[in-house]
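A.B. asks: First to last, the sequence lines map onto chains A and B. Read left to right, the first sequence gives residues 86 to 468 (my numbering). Read left to right, the second sequence gives residues 184 to 306 (my numbering).
Treat the hints with caution; some may be incorrect.
Derived list of chain A stretches under chain B, where covered just means 3 residues or more per stretch with a C-beta under 8 angstroms from a C-beta of chain B [as the list claims (entries may be wrong)]:
(1) 304-314
(2) 378-385
Residues from chain B that keep clear of chain A, each with C-beta distances beyond 10 angstroms, as calculated [unchecked claim]:
(3) E236
(4) R272
(5) A278
Keep in mind that the hints were calculated from the coordinates and are not lab data. Just so you know, these numbers come straight off a predicted model, no measurement behind them. Ideal placement from N, C-alpha and C gives every residue a C-beta, glycine not left out.
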Amino acid sequence: MIYLDNAATSFPKPEAVVKAVERAMLAPASPGRSGHAAAHAASRTVYRARKGMAKIFGASDPERVCFAPNVTWAINAAVGGFGLGPGAHVLSGSLEHNSTARPLALISGASGIEWEAVPPGPDGVLDPEEFRRRLRADTRLIVLNHASNVTGALAPAREIKEAAGDVPMIVDTAQTAGSVPLDGMASWADVICFTGHKGLLGPTGTGGLCIREGTPFRPLAVGGSGSRSESLEHPDFLPDALEAGTQNTHGLAGLAAAAEFLLAAGVENVRAHEMRLTGIFMEGASKVPGLAFLGPGPGDPRRVATVSVVMEGISSSDLARRLEEGYGIMTRSGLHCAPMAHRASGSFPGGATRFSFGLFNTEEEAVAAAGALGEIAAGRGRR
Amino acid sequence: MSAGAAARRTRTAARPGLPLTGTGKAGGRQDSPLNDGQGDIILVFASNTRILEAEELLEEGGLPFILVPVPKEVNPNCGLAISLREGDRDLILPALADAGLMPQSAYLRRGDEFAGYPLDGSG
Ligand SMILES: Cc1ncc(COP(=O)(O)O)c(C=O)c1O
Chain A
86 MIYLDNAATS FPKPEAVVKA VERAMLAPAS PGRSGHAAAH AASRTVYRAR
136 KGMAKIFGAS DPERVCFAPN VTWAINAAVG GFGLGPGAHV LSGSLEHNST
186 ARPLALISGA SGIEWEAVPP GPDGVLDPEE FRRRLRADTR LIVLNHASNV
236 TGALAPAREI KEAAGDVPMI VDTAQTAGSV PLDGMASWAD VICFTGHKGL
286 LGPTGTGGLC IREGTPFRPL AVGGSGSRSE SLEHPDFLPD ALEAGTQNTH
336 GLAGLAAAAE FLLAAGVENV RAHEMRLTGI FMEGASKVPG LAFLGPGPGD
386 PRRVATVSVV MEGISSSDLA RRLEEGYGIM TRSGLHCAPM AHRASGSFPG
436 GATRFSFGLF NTEEEAVAAA GALGEIAAGR GRR
Chain B
184 MSAGAAARRT RTAARPGLPL TGTGKAGGRQ DSPLNDGQGD IILVFASNTR
234 ILEAEELLEE GGLPFILVPV PKEVNPNCGL AISLREGDRD LILPALADAG
284 LMPQSAYLRR GDEFAGYPLD GSG
């Protein structure tokens with residue numbers, strides 16, 4: 086099997102992550118709730134995860150990191166924190182995933198908020214100038230997918246934030262955290278949303294937000310927090326404000342181990358490895374007749390290790406099926422929960438076949454994937 | 184007492200009735216608390232995360248403290264508090280203040296008696 090669906094969820098996970106989850110499940114664990122040693126050990130595990138994520142994003146205060154089940158939940162919480170009402174104007178990129186697009190569609194439908202999506206340039210990359218041109222006096226928020234899970238295009242997020250001046254920005258790092266060095270991001274991004282199970286190499290069911298000092302926040306859910314128990318009002322301080330209910334201690338034990346693994350390995354080394362494989366794959370695939378890439382082409386560094394292709398004469402789903410049946414290569418076809426990105430790339434509604442590389446893929450696998458595309462395109466594909 | 188002397192102080196058994204063992208690995212467990220004329224200062228923090236940060240700081244500094252359940256006499260919360268000997272206050276409170284980790288409130292415990300403990304440096 087060749088697993089090239091790391092953009093959906095990374096596989097395999099580091100051994101240390103698997104072991105950490107197992108260890109956590111072998112202990113009683115209710116973080117922050119009771120005064121006994123086991124509860125305290127669980128609290129310390131969650132705190133380790135908080136510190137690890139703070140380091141990944143370069144946040145000086147782990148209390149600004151709040152956990153959530155995934156980035157989708159985190160984005161919903163982050164958008165809600167701004168309490169936008171009628172008359173507000175919101176900008177986003179045009180390569181958004183539904184997890185940013187649907188919360189924006191929801192508030193623009195229900196609350197009379199105007200949402201405008203900025204298209205990418207002909208090279209498939211967003212241009213900060215296009216954001217600057219669309220800024221208005223009533224622009225209240227920018228929501229940005231940091232890297233497209235369809236085209237792999239990396240957004241110039243910091244430059245967009247600089248172009249936006251005082252307008253706050255929420256960044257969806259689902260496709261970049263753990264794969265692209267982000268240890269300066271907390272100094273300029275107002276809310277960083279992350280998911281633990283992709284490039285961060287952690288378990289599913291982990292994710293969260295890193296909220297810059299001075300940025301508004303609002304709970305999506307209220308309830309038990311282990312703090313201010315005497316009051317019927319949910320705590321208003323971070324991280325408790327956004328962490329109602331027992332946290333996913335087992336998953337967060339894995340996320341803590343994953344963050345420590347990545348920090349020891351060096352995210353810049355992960356990036357270099359993934360981009361080397363991407364280069365090998367794109368170079369090989371660019372020689373295949375009738376094959377087109379979405380987004381930045383071979384050799385363009387403004388991308389992540391996610392490459393979607395469209396092959397003449399075969400649907401995206403049939404191509405994925407041929408790759409799996411003939412070669413054991415696992416890809417993902419269709420619209421990738423991101424119809425906006427496919428529309429912006431001209432691949433709607435047919436979709437594309439996506440190859441996404443991760444830390445544990447090898448050069449041989451990248452070569453094999455390009456080779457398989459060549460054989461299928463030439464009508465010599467294995468069945 | 185110097186910080187070094189405090190750090191070298193050895194730990195004794197946990198106080199009866201308090202289930203937690205101390206955490207400051209290099210730091211000293213408190214001496215028998217109730218019969219040397221000294222009280223204990225109980226530090227209650229605004230959040231669970233805050234107390235974990237404080238614990239880590241004191242532990243790394245080898246400072247003498249233990250974690251105890253927040254005494255119900257002073258605060259209805261279900262979490263933990265930091266307990267230190269009155270005599271160690273000048274080791275611990277400045278370290279917390281320097282790191283921006285001052286507790287939300289503090290109490291002086293003598294036996295079963297609790298009293299508010301001022302944190303402004305005058306107490
Ligand atoms: C860019 C982007 N945002 C958000 C998500 C949603 O992630 P999750 O399902 O972990 O919330 C994904 C992945 O599916 C993604 O690629």
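A.B. asks: It remains to establish, for every hint, whether it holds in the given structure.
C.D. replies: Going down the list of hints, with the structure as the test:
{"no.": "1", "hint": "304-314", "in the structure": "holds (count 4)"}
{"no.": "2", "hint": "378-385", "in the structure": "violated (count 0)"}
{"no.": "3", "hint": "E236", "in the structure": "violated (7 angstroms)"}
{"no.": "4", "hint": "R272", "in the structure": "holds (23 angstroms)"}
{"no.": "5", "hint": "A278", "in the structure": "holds (17 angstroms)"}
Checked against the numbered hints above, the structure breaks hints 2, 3 and satisfies the rest.
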